[in-house]
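Asker: In case you want the letters, here they are:
Number of protein chains: 6
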Amino acid sequence: MSFERSGVRAAHALRPVRITRGFTCHAEGSVLIEFGATRVLCTASVEERVPPHQKGTGEGWVTAEYGMLPRATHTRSSREAAKGKQTGRTQEIQRLIGRSLRAVFDLKALGERTLTLDCDVLQADGGTRTAAITGAFVAAQDAVNQLLAKGLLKTNPIRDHVAAVSVGIVQGTPLLDLEYTEDSACDTDMNVVMTGAGHFVEVQGTAEGVAFTRTEMDQLLQLAEAGIQTLVQAQKDALAQPLA
Amino acid sequence: MSFERSGVRAAHALRPVRITRGFTCHAEGSVLIEFGATRVLCTASVEERVPPHQKGTGEGWVTAEYGMLPRATHTRSSREAAKGKQTGRTQEIQRLIGRSLRAVFDLKALGERTLTLDCDVLQADGGTRTAAITGAFVAAQDAVNQLLAKGLLKTNPIRDHVAAVSVGIVQGTPLLDLEYTEDSACDTDMNVVMTGAGHFVEVQGTAEGVAFTRTEMDQLLQLAEAGIQTLVQAQKDALAQPLA
Amino acid sequence: MSFERSGVRAAHALRPVRITRGFTCHAEGSVLIEFGATRVLCTASVEERVPPHQKGTGEGWVTAEYGMLPRATHTRSSREAAKGKQTGRTQEIQRLIGRSLRAVFDLKALGERTLTLDCDVLQADGGTRTAAITGAFVAAQDAVNQLLAKGLLKTNPIRDHVAAVSVGIVQGTPLLDLEYTEDSACDTDMNVVMTGAGHFVEVQGTAEGVAFTRTEMDQLLQLAEAGIQTLVQAQKDALAQPLA
Amino acid sequence: MSFERSGVRAAHALRPVRITRGFTCHAEGSVLIEFGATRVLCTASVEERVPPHQKGTGEGWVTAEYGMLPRATHTRSSREAAKGKQTGRTQEIQRLIGRSLRAVFDLKALGERTLTLDCDVLQADGGTRTAAITGAFVAAQDAVNQLLAKGLLKTNPIRDHVAAVSVGIVQGTPLLDLEYTEDSACDTDMNVVMTGAGHFVEVQGTAEGVAFTRTEMDQLLQLAEAGIQTLVQAQKDALAQPLA
Amino acid sequence: MSFERSGVRAAHALRPVRITRGFTCHAEGSVLIEFGATRVLCTASVEERVPPHQKGTGEGWVTAEYGMLPRATHTRSSREAAKGKQTGRTQEIQRLIGRSLRAVFDLKALGERTLTLDCDVLQADGGTRTAAITGAFVAAQDAVNQLLAKGLLKTNPIRDHVAAVSVGIVQGTPLLDLEYTEDSACDTDMNVVMTGAGHFVEVQGTAEGVAFTRTEMDQLLQLAEAGIQTLVQAQKDALAQPLA
Amino acid sequence: MSFERSGVRAAHALRPVRITRGFTCHAEGSVLIEFGATRVLCTASVEERVPPHQKGTGEGWVTAEYGMLPRATHTRSSREAAKGKQTGRTQEIQRLIGRSLRAVFDLKALGERTLTLDCDVLQADGGTRTAAITGAFVAAQDAVNQLLAKGLLKTNPIRDHVAAVSVGIVQGTPLLDLEYTEDSACDTDMNVVMTGAGHFVEVQGTAEGVAFTRTEMDQLLQLAEAGIQTLVQAQKDALAQPLA
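Protein chains in written order, with the working numbering: chain X, 921 to 1164; chain U, 921 to 1164; chain P, 921 to 1164; chain Z, 921 to 1164; chain C, 921 to 1164; chain B, 921 to 1164.
Do not rely on the hints blindly, as some may be mistaken.
One copy or two, either will do: identical chains are not told apart, so a pair holds if it fits within one copy or between any two.
Cut-off 25 angstroms, straight-line C-alpha distance, at most; resulting in silico cross-link-like pairs (SDA-like, lysine to any residue) [as the list claims (entries may be wrong)]:
id, residue 1, residue 2
1, Lys1070, Thr940
2, Lys1074, Glu979
3, Lys1156, Gly1129
4, Lys975, Asn1076
Treat the hints as calculated values from the structure; they're not laboratory data.
Produce the complete structure using the sequences and hints provided.
Answerer: Structure follows, in structure tokens:
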């Protein structure tokens, strides 16, 4: 398969980002996020209890679960609930989402409650974990806003924005926000999670083919930094709208 | 909780039904069906292989899987993939959907391939299994149409429409198409699956509280028959549109 | 395989029903029920605790588990305990038995205790779930009688009898109480659960082949009503005997 | 709890042994064996295939599975199929039964087929594994006889009888064939499996309380030898009857 | 494969036994035991809680877990954690180790705490379960000594030594302490567990090929008695050294 | 807990590294690697078959499994085989080890065989995954050398060394090769995997507390580069020795 960036997208350009708040009605926060053809439904659920390791600490907990509908992908993948176990990939991703969100949360200020971010991929075209983190932040913010509005929280436990993007080197060219065909063809794949202030929360780079140099790494980090600034702005724009 | 049918809906009226074809892009058939606030994504996937029990018979297979996103409901329910097993309820529902679809399929005419209907509830407000059956039929038809268009099938293996609706008795009144609050309050709950020709494929009636009489049963079946006719017409209308 | 009702049994006749109480010695109720060659051991166990969802409600719980010995059938089926999971069919059946028994129980009057009905098929020849419900009722009654005799219960929490039978259409003929060869050949298969008063608790009809008409359904329900009256009488006769 | 051998049974006496052949109708061999109040249903199933490790060796396989109905015991134990795993005890017992039967089988003479012995305890009062071995032998013989009668086997692959009994020391007294109350009270518990020729197949002795001496061991082995001779005779007597 | 005892080892001789205390640093007791090329790491962990069945009894608990590294054996065996279940063999062995250790423990004197013996085979060459029992005793003693030194225990809850060895008949010759090639070739295989006082804790003899006679059994027990005396002395010698 | 680097180790110094080849006797490669008190046994197993996704491609496969003995840690952690599942952490680590090794393997040159690296932690004090990667490389080289020596491989499929180290920021100070107490206290934790040529295979940085800046990231990468050069030299030194 020979690589070619789809459409006229520039190497340093994100795909169109769309953030739809209030996508479903029951969750305290419910966001459909789209990075091009990738669509992830992120819901934030508030529960007035914490897992055992946080009991009695006065602190809350933020955690995430990730799933992919069987036919979110080109060919049907088997349903994890039917197989009776989550794959290593699923667990790795949901741990990443959880850590990323906790990085901007003051768990003390959250109080002894749990915020669960469920990120379910309706349609996949690369970058599902980065879209999930970016969308989960908005869902979390909506859930927190509801707690503040109800007086259940006095202060905002969210200290900063958090967003994520993938970068990679495909046939020698550093690219921002890989879609599926690019992801499959890339030599190096990196997921970067950053705060609104521009600091790193996670950097996960993997050489799929040949190992990458320090110079390449620097190029990728630079692309990611710019991309995440744009995503943070998209989060702010979405949250500035009244929630229907 | 005292019962009151929401809005001005008549006892024999369905909720607004919306059928959106081509909701996601990868599946051979992809339908979002809405019965009021209940929203189920039904995808149909074609695979050129059959399960062991059909191998070498020259016949195909039609099967279904059902899932509910953790926060499709009022309070978050735990993710089946994380718990490592599907509940009895889930298995019962997906077996029902599979049987219902097979009832209108000529498996010989389908050839040695498998059609898998994945029904995933994005938002639940009662009637998820009947919406799933009704939507899965449309997704199956779209997948079959694609096989016919590609010349992989010579004749249509689908012999008739199939659709489903719930009926129940709430505080003495027979009601069509129960929503969640009605379902929780009902004495008798019945799911009826019928063909376009008006014959029964499945009838599953359960007395939640007091047992029901033969007269009540007749009333419920009559409500269901009328409701299903309307749903079959909605399927036809949706399928008459060109697929974007 | 061409169908022929075994022996000289009439279409509307039950197979010989035998109910042996006190079949094993440890359980509070222990009944071997036989519908012809189908033999199910039903035990009722009383435990002085309730599942979490009933805790503190003052109500008891009635539940059922179902199993089939590996060689209860013509060819050996694999042991569920060895495979590590119950099939969907097993779960569906045990949920049905539990709901059927609860339909005639006043859980308030039972008090905060659990009655578990274990229905294990020693030999299968069709109708195992309906035999299980019919036998489980007798085991439950024996267990309740023991609680009453010991003064642990003041009033009888059982409000009515409950029994079940299968009906079906085989080659156009409606038949009562299908045995295995009939069950395999039938176009429509229906399990009906009714109370002693003649009201419906469950109706589960499935078109195995062609869909069935309203007229056929009425014929089947009529057969079932008569059959269940006979079964309820058999329960009464068995319970009228002194327990050895 | 102070120990007292029930009834007037002598220390060296077996409980009444009853062997009922043809207890169920589908299996190639089906035996209900009773050691006093202990009742185990042993079925032998013939399948014309072997497990992977025997494929292509020209040899057959003999294996066993063991189960206990939930209410075979004084208090209900949870169903292994529902818990999703067999206990260590169950696995230990079924491995013992399998090894014991294989000890008297010429697997070459059996040919590439599998004989599965399912031993399911209907009622437990101590000694279920020894009853299972003793009954499984009779079921295996009936299954082999059927293969011989059908001409599927030319020579008898069974080289000798095999039977088993428990022995133990209770409050200083060596006892044969422990029932449940004795088993719970015993200091040393030993299960012995022997051939008709009087040789040992398995000896499994465990000090539950204080360790046992060589002299005690010799006493126990002597008791077991005599008991097993009686059991082998009971097997012969049962097999001498025509099978109904 | 024709049998030949490796090296110049006599039929009644143990392989070289090496016991290394303090093999790892975190556990309360940590012993590497070697029976020739068989190497088992035995750690003893103290936890200040007991399993549910011991709660409130004032008694402690001693239990064991057993594992084999995937490449401890000639060919790689699959990892139990990856398969998601322990084999029957693993469960049988860990139950044996637990019972053997409990036989010399005064659980009352241990107090409400749990001692867990983890026996992990680094390299296997026959006799892993007997090496595990022999090494676990030393690890248990080290853990108890630490509790005594810290004043958490006033009296020693260990009443005697316990050690184990395998014996078997290979081509007619009774042999002590079988290594892998002998174990694979043997007709009879017996594991014997004894106390320092020379009493039996467990005797597990299995005829792999032909059944064994009473005379053969006596020869095997005699070999085992002598071997275990030597092992108990090796335990004493090891414990007499200061722990680095 | 206030942080203090143990002993006199400099911030940019590795702990003493020890690599013992031929640690166990059955595996094609068997290496005990020690990073200070962290000890990991890495075995390389060669199997002449490949997983399904590689069948018929002419390519081999390299994969890894990771485990931690229950008492490798300060307090006993439960055994994954007993719980019946590997944690998300375990799966993440074994996927990382597998990817890292594959990065330096020419799978074509390996031929249709599988190399499995089992990395089992005997004693943990931080950095178990980086020690595992560094040790697994040496075990893999030994296994490949054996294949070359036997003539099963014509050319060396290993293209370069691969080694790994952790770096982190503890109380503002960038440190190389974190031990457990440092790891628990650190704000940023990064695992870096590099080739002998000094290129990156994996970079996984996580902000445990506050997010890290680009400057901090550069400092960490520099520390890691130097550390990995030293580790690669240690691998070369170890491999230069004759294998006993």
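Asker: Each hint: holds or not?
Answerer: Now the hints, each set against the structure:
1. For the homomeric pair Lys1070 and Thr940, the shortest alpha-carbon distance inside one copy (23 angstroms) is at most 25 angstroms, but the shortest distance between copies (36 angstroms) is not.
2. Taking the shortest alpha-carbon separations for Lys1074 and Glu979, only the intra-copy value of 15 angstroms comes in at or below 25 angstroms, while the best inter-copy value is 40 angstroms.
3. For the identical chains of this complex, Lys1156 and Gly1129 are inter-copy neighbours only, at 24 angstroms across copies versus 37 angstroms inside a copy, given an alpha-carbon limit of 25 angstroms.
4. Proximity of Lys975 to Asn1076 under the C-alpha cut-off of 25 angstroms is restricted to the intra-copy arrangement: shortest distance 21 angstroms within a copy versus 37 angstroms between copies.
In this structure, none of the earlier numbered hints is contradicted; all agree with it.
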